[in-house]
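My request is simple: use the sequences and hints to build the entire structure.
Chains as they are written, first to last, in my numbering: chain V, 19 to 122; chain U, 96 to 548.
Any given hint could be a false lead.
Said to hold, decoys possible - With a straight-line Cα cutoff of 27 Å, these simulated DSS-like cross-link-like pairs (lysine-lysine) come out:
| # | chain 1 | residue 1 | chain 2 | residue 2 |
| --- | --- | --- | --- | --- |
| 1 | U | Lys157 | U | Lys203 |
| 2 | V | Lys64 | U | Lys471 |
| 3 | V | Lys24 | V | Lys109 |
| 4 | U | Lys541 | U | Lys251 |
| 5 | U | Lys142 | V | Lys35 |
| 6 | V | Lys35 | U | Lys238 |
| 7 | U | Lys407 | V | Lys109 |
| 8 | V | Lys35 | U | Lys398 |
| 9 | U | Lys448 | V | Lys72 |
| 10 | V | Lys109 | U | Lys154 |
| 11 | U | Lys142 | V | Lys109 |
| 12 | V | Lys109 | U | Lys471 |
| 13 | U | Lys533 | V | Lys35 |
| 14 | U | Lys170 | U | Lys203 |
| 15 | U | Lys170 | U | Lys98 |
| 16 | V | Lys35 | U | Lys240 |
| 17 | V | Lys35 | U | Lys203 |
| 18 | U | Lys407 | V | Lys72 |
| 19 | U | Lys345 | U | Lys173 |
| 20 | U | Lys525 | V | Lys109 |
| 21 | V | Lys35 | U | Lys407 |
The hints are simulated quantities; they were obtained by calculation from the structure and are not laboratory data.
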Amino acid sequence: MVRNLKELGFRARSGDKGDIVDISLFAPDSELYSRALSQVTETSLKDFFGDMVKGEIVRYELPNLLALKFVLYSALDGGAAGSSRYDNLGKCYGGNILRFELRD
Amino acid sequence: MKKVVIGAGQGFYGDNPFPAYELALNEDIDYLCFDALAELTLAILAKDRQKSPEFGYTKDLKAYLQLLLPVVAKKRFKLITNAGGLNPQKAAQEIQSAGVKFGLKGIKIAVVEGDDFIQRLDSLNQKRILRDLSGEPGELTNKDKIYFANAYLGAKPIVEALKTGADVVVTGRVTDSSLFLAPLIHEFGWTWDDYDRLAQGIVLGHLMECSGQATGGNFSGAWQELDLANIGYPVAEALEDGSFVLGKPKKSGGLVSRETVSEQLLYEIQDPFAYVTPEVVVDLSSIALTDLGDNRVEVKGAKGKQPGGYYKFITGQPNGYLAQISFGYCWPDAYLKAERAVGILKKQLEQYKVAYDELRVDMLGQNSLHLGLAAKRIADPEEVVLRLALKTESREAAQTFLRLLPPLALNGPPGMGGFSGIPSPRELVKIESYLIPKAYVEEGIKISAWEVE
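So, in structure tokens, the structure goes:
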């Protein structure tokens, strides 16, 4: 069965620095943290975001907080100061990532 | 054990001052710290400075002073703010006048300067001072177009300012968290190589610098259950060992929990194992958050390492214009009307030879915030609201584009709504980051202090 991160009770907050967006993804428990660890990878997330993220994606693991940190390069078409995007500050990336679907 | 209580008063230029007032009134704090400068704020302040040498600091400082100085007069806590922006001396004068007005005779104001390099750009290039982010020598490009250039100072000059006995410290560009770290170093006498404690101080500052974001604002958990209209800004009780308890004013809205705190802990940090700040490189992987209940979370366990020899340095220069406008079409055939309207505009831009780099077309309510991830397009919608954003080098081109919009109501597809005047194009900024040797910056740091008479 496939369910998205929102349905599974994950939380996420995002922010920006220039053209870089960072997303913190929080799992509701350690079982789901492990599933996210194996499925929400740098590669799978790069595929997921497609055109939205032009550069690479780097992941950091924080089991002490049941959190994964993603840093997305060239993710705002030039950064808040120069981006034509409606979400020019990248605040919605936290909502965007919750559409990602996990397999059982 | 000695305890220092710090409140957060402001998270950005334009924040709501009332939660700061409530906090000051209802909590026994030693310091109230204000972060008024986001990365882009300097661009706004630089534009102000071009208009008048009297400007260049954040204009909402006045509103904060009017609310807070009467409370300071009674309770005598200290204020630390980076509201000085590009003109800390003028901000200090504003504080001085307000101090006189509210009868705060004898309080001491200290000003930290030396972060602003706009008058020193030539020597930076001549002496090849700057490094790019990989550490290679870096030269300022388009030097004459740069309208702000600042080093990110740390806690050191703020500690120096506090040592003068200052009650109010006003700075320009410093790292946000240093506004909160500095009073801890000053009060506890931490040394500059006590990296684990410095790391804890940075964590405290990082959690507080965005005001309500640590106390339920922007919370992606059960936010709908919170009273955000009365959100309380963060208050931290810090101990000498660096551990602290984060809370919020009694009777305020919002939430301080392990969840809200952990969201803010990682917010806008890239490498959580090496968060680089001027005085310490912070490792968050060993942090322990303990929910004490009653909107209190204990934070300890951050580790610190010695930082490198550079401060961050940023410059800003003009980068063209963004013309944005929204309008909508009603059913029937809302998609078709919107599509044709965009077609008409594109054709006219071509016919009238309007030069532009990009025209972004979003449909509000459908794909403007989830872009390509948005769910399948709604069939035969009640309405389609367009948001157009045109990027161009010239202000004239931006204005010509915007003037094409009103005639669409008469000359375009039927059923257009939402037009409410022609907005001004937004000036875009190109921000470039470099590294600058600490010693070079520190030579130019100036601290002045005086008493309000």
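* **Violations among the numbered hints, reported as their numbers in ascending order** => 9 and 17
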